[in-house]
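Q: Turn these sequences into a full structure, and let the hints steer you where they fit.
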Amino acid sequence: MQASNFNIIGLNDKQVLAAREKYGQNQLNFKKEHGLLKGLKSLVKEPMLILLVGAAVIYFISGDSGDGIFMLSALILVSAISLYQDSRSRNALEKLKSFTQPQCKVIRNGEVIAINSEGLVVGDSLMVEEGTAIAADGTIAHSNDFSVNESILTGESFAVDKNKTSTDNLIYLGTTVASGLAIATVTAIGNATKLGQIGKRLESIHEEKTPLELQINNFVKKMVIAGAIVFLIVWAVNYFQSYNVLDSLLKALTLAMSILPEEIPVAFTTFMALGAWRLLKLGIVVKQMKTVETLGSATVICTDKTGTITENKMSLAKFYLLESNKISAPENITTQGEKTFIRLAMFASEPIPFDPMEIALHNVYAKENAADEKLQYKMIHEYPLEGKPPMMTHIFENDSGKRIIACKGAPEALMNVANLTKLEKQQIQDAIEVMTSDGYRVLAVGEANFSGNNFPATQQEFKFVFKGIAAFYDPPKENIAKVLDNFYTAGIKVKIITGDNAATTSAIAKQIGFRGYEKSITGDELMKLADADLKETVNNTHIFSRMFPDAKLKIINALKANNEIVAMTGDGVNDGPALKAAHIGIAMGKKGTEIAKQAASLILVDDDLSKMVDAIAMGRKIYTNLKKAIQYIISIHIPIILTVFVPLALGWLYPNIFSPVHVIFFELIMGPTCSIIYENEPMEKNTMQQKPRPFSTTFFNLKELATSILQGLIITAGTLTCYQYAVQQG
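Using our numbering, the first residue of the sequence shown is number 1, and each one after it goes up by one.
What the hints contain is simulated information worked out from the structure, not anything from laboratory work. One should not assume that every hint holds.
To be verified - Using 30 Å as the maximum straight-line C-alpha spacing, the simulated BS3-like pairs for lysine-lysine come out as follows: (1) Lys22 / Lys313; (2) Lys290 / Lys326; (3) Lys482 / Lys326; (4) Lys422 / Lys326; (5) Lys422 / Lys318.
What the hints assert, rightly or not - Label-pair ranges, simulated between beta-carbon atoms: (6) Gln336 / Thr541: 41 to 49 Å; (7) Glu368 / Asn109: 28 to 36 Å; (8) Asn217 / Cys722: 35 to 43 Å; (9) Lys422 / Ser324: 12 to 20 Å; (10) Lys281 / Ala236: 52 to 60 Å; (11) Asn479 / Ile76: 47 to 55 Å.
The C-beta atom is built at its ideal place from N, Cα and C for all residues, glycine as well.
A: Next comes the structure, spelled out in structure tokens:
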């Protein structure tokens with residue numbers, strides 16, 4: 001992409017290398033605790049480790065050095081397994097972090113290119129635009145109606161206007177662009193930035209524990225308390241019977257060790273971390289571990305249309321001129337009025353377009369005009385896309401003072417501010433109906449005249465002339481019909497939430513076999529509903545058109561109020577609140593803004609919704625396998641506990657069936673079995689034909705654990721029967 005509009009060349013390759021050599025990478029480097037040391041600290045606090053040390057000490061004191069050495073060997077082996085599993089999980093998470101590195105645009109060698117933000121160097125010409133996170137500190141060299149949200153530094157949520165001539169012409173790492181566009185010369189990177197000096201870290205946000213994680217922690221805590229109580233009781237009873245301190249301690253330790261289900265939290269952490277790693281290999285970046293658990297419970301997916309259901313490859317298919325009341329094709333531009341319309345639509349777009357529709361307009365203009373007229377004009381004022389429905393306006397001026405004031409936006413927005421007769425309004429509506437029935441996305445184009453530099457506070461104050469409508473076609477993705485069918489088969493409802501109009505969205509929805517394409521509601525209509533009506537409407541409606549941030553957020557909250565587990569896709573800065581509110585916020589990796597990616601809990605690297613089918617299947621598989629692992633752990637722990645406890649309680653002649661050596665041997669078998677074998681279990685065949693499980697479902701109730709308890713009791717009965725028979729036989 002050429003940067004000629006700004007007359008900025010940027011650094012060349014040699015200058016970039018020299019700057020990187022001098023100033024280093026654009027990274028925030030803070031003192032972090034070594035992963036191994038952190039793992040060791042966590043290990044020392046483990047109750048099982050404390051019991052192992054105690055058992056080894058007792059064996060050595062009693063002169064049984066063989067069992068003592070075995071216990072120490074087991075201690076080392078258990079520690080090694082725990083550290084390996086911790087390292088495996090930590091490495092998976094670190095790999096995920098490397099895939100969430102934001103990108104930024106820079107001008108180098110006269111070209112606008114996208115690079116990872118870590119690759120920025122001092123002296124770079126950094127281009128930032130609405131919705132992007134600023135990747136370094138810099139001084140503004142060029143701007144168009146540019147404002148920044150600096151709340152991360154100042155705590156103030158309002159946007160701050162900036163330009164190169166103002167006293168505050170600096171931008172800072174970590175802040176976000178609220179509106180407009182700017183090019184800044186990078187002055188500081190990494191720890192040398194203002195954010196780096198303050199020492200704040202975006203990744204230090206505390207992640208809340210999930211319901212299942214809390215259930216596991218509570219269960220383990222209860223077992224630890226039970227183990228401690230049983231330890232004291234068994235030790236006291238045995239001591240007062242035998243007055244043998246060491247033997248009583250060994251019996252008490254054996255039972256306490258058998259009670260502790262320390263494999264459960266290890267299995268949970270391993271399943272979640274490796275699940276996230278497997279999702280990454282599918283092209284899904286998981287930013288929060290709780291998302292892995294939630295995926296299998298999703299009941300509703302709210303998706304946008306452009307770029308998710310469609311290809312996001314816009315082409316100008318038709319255009320309508322009001323003055324001739326005629327719909328034409330861009331391949332047959334002949335009249336001056338048609339050429340003027342295309343020129344005006346191009347000037348209403350960004351000088352360096354990044355929106356697919358704007359790119360399409362620039363391409364058609366370039367095809368029709370050998371001489372690039374826009375090089376003669378400079379943008380002197382800009383009104384960013386805003387309003388309900390939205391519109392935007394650009395004001396250009398050349399050296400002789402000639403001005404072009406061009407706007408584009410939703411047809412309703414321009415019709416509201418243009419002076420139109422009743423007949424003209426009807427003609428426009430008829431044209432819109434014809435074009436949207438074919439699935440075309442429509443934008444109105446207008447122009448205005450204004451002299452002087454005291455521009456109106458809002459673009460709606462201009463006296464616009466409605467020129468016509470540009471109709472774009474964005475074809476549906478080839479696989480989208482199959483994706484929808486997979487969602488429906490899995491019992492998941494799909495809803496389209498889009499800023500486009502209802503007719504276009506319904507036409508595309510009908511083409512792809514979307515259920516419920518016949519009924520839709522607009523954002524304005526939705527906002528007027530009472531809470532009870534809203535909950536019913538969001539349940540029965542599947543297409544939501546002309547949506548804006550507040551309306552999107554209201555839909556998500558209403559679905560949650562209906563006890564739905566909501567996944568939502570989004571790519572723009574305006575999707576941030578709804579993405580944050582959804583149980584599963586899904587940002588697009590290619591077309592998503594950094595703000596959307598920050599708000600989301602996972603990122604689809606290739607913008608492919610079919611990956612969500614894989615993600616949900618993975619979530620269901622992980623839950624099922626974790627359930628199997630925990631049921632296995634409990635079914636084995638029950639016979640261990642009872643085989644130790646029953647002989648002691650009944651006063652059998654030879655009560656020491658198990659010693660700590662035997663118990664730790666079982667632990668060495670169970671740990672790897674849970675975290676390796678069960679984690680690799682293939683998905684059951686009917687997993688994606690079942691309805692989503694309720695999010696409140698727990699393993700830890702009698703109904704779920706009945707089979708495990710029964711298995712444990714049967715194993716116990718068999719073991720004790722064999723033991724008694726062997727004792728009686730001598």
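Q: Determine for every hint whether it applies to the structure shown.
A: Verification of the hints:
1. The straight-line distance between the Cα atoms of Lys22 and Lys313 is roughly 41 Å, outside the 30 Å bound, and the hint therefore fails.
2. A hinted pair counts as satisfied when its Cα atoms are at most 30 Å apart, and Lys290 with Lys326 does not qualify at roughly 55 Å.
3. Straight-line distance between C-alpha atoms of Lys482 and Lys326 comes to about 38 Å, which puts the hinted pair past the 30 Å bound.
4. Using a Cα cut-off of 30 Å, the hinted pair Lys422 and Lys326 holds, with the two alpha carbons roughly 18 Å apart.
5. Annotation: proposed proximity of Lys422 to Lys318 holds, straight-line Cα distance about 24 Å (limit 30 Å).
6. Between Gln336 and Thr541, the C-beta spacing of about 45 Å keeps the proposed range 41 to 49 Å intact.
7. A C-beta distance of roughly 29 Å is found between Glu368 and Asn109, which places it inside the suggested range of 28 to 36 Å.
8. Between Asn217 and Cys722 the beta carbons are some 37 Å apart, a value that agrees with the proposed interval 35 to 43 Å.
9. Range check, Lys422 to Ser324: about 19 Å between beta-carbon atoms, so the 12 to 20 Å window is met.
10. The hinted range of 52 to 60 Å is satisfied by Lys281 and Ala236, whose Cβ atoms lie roughly 54 Å apart.
11. Under the hint 47 to 55 Å, the C-beta atoms of Asn479 and Ile76, about 51 Å apart, fit the expected range.
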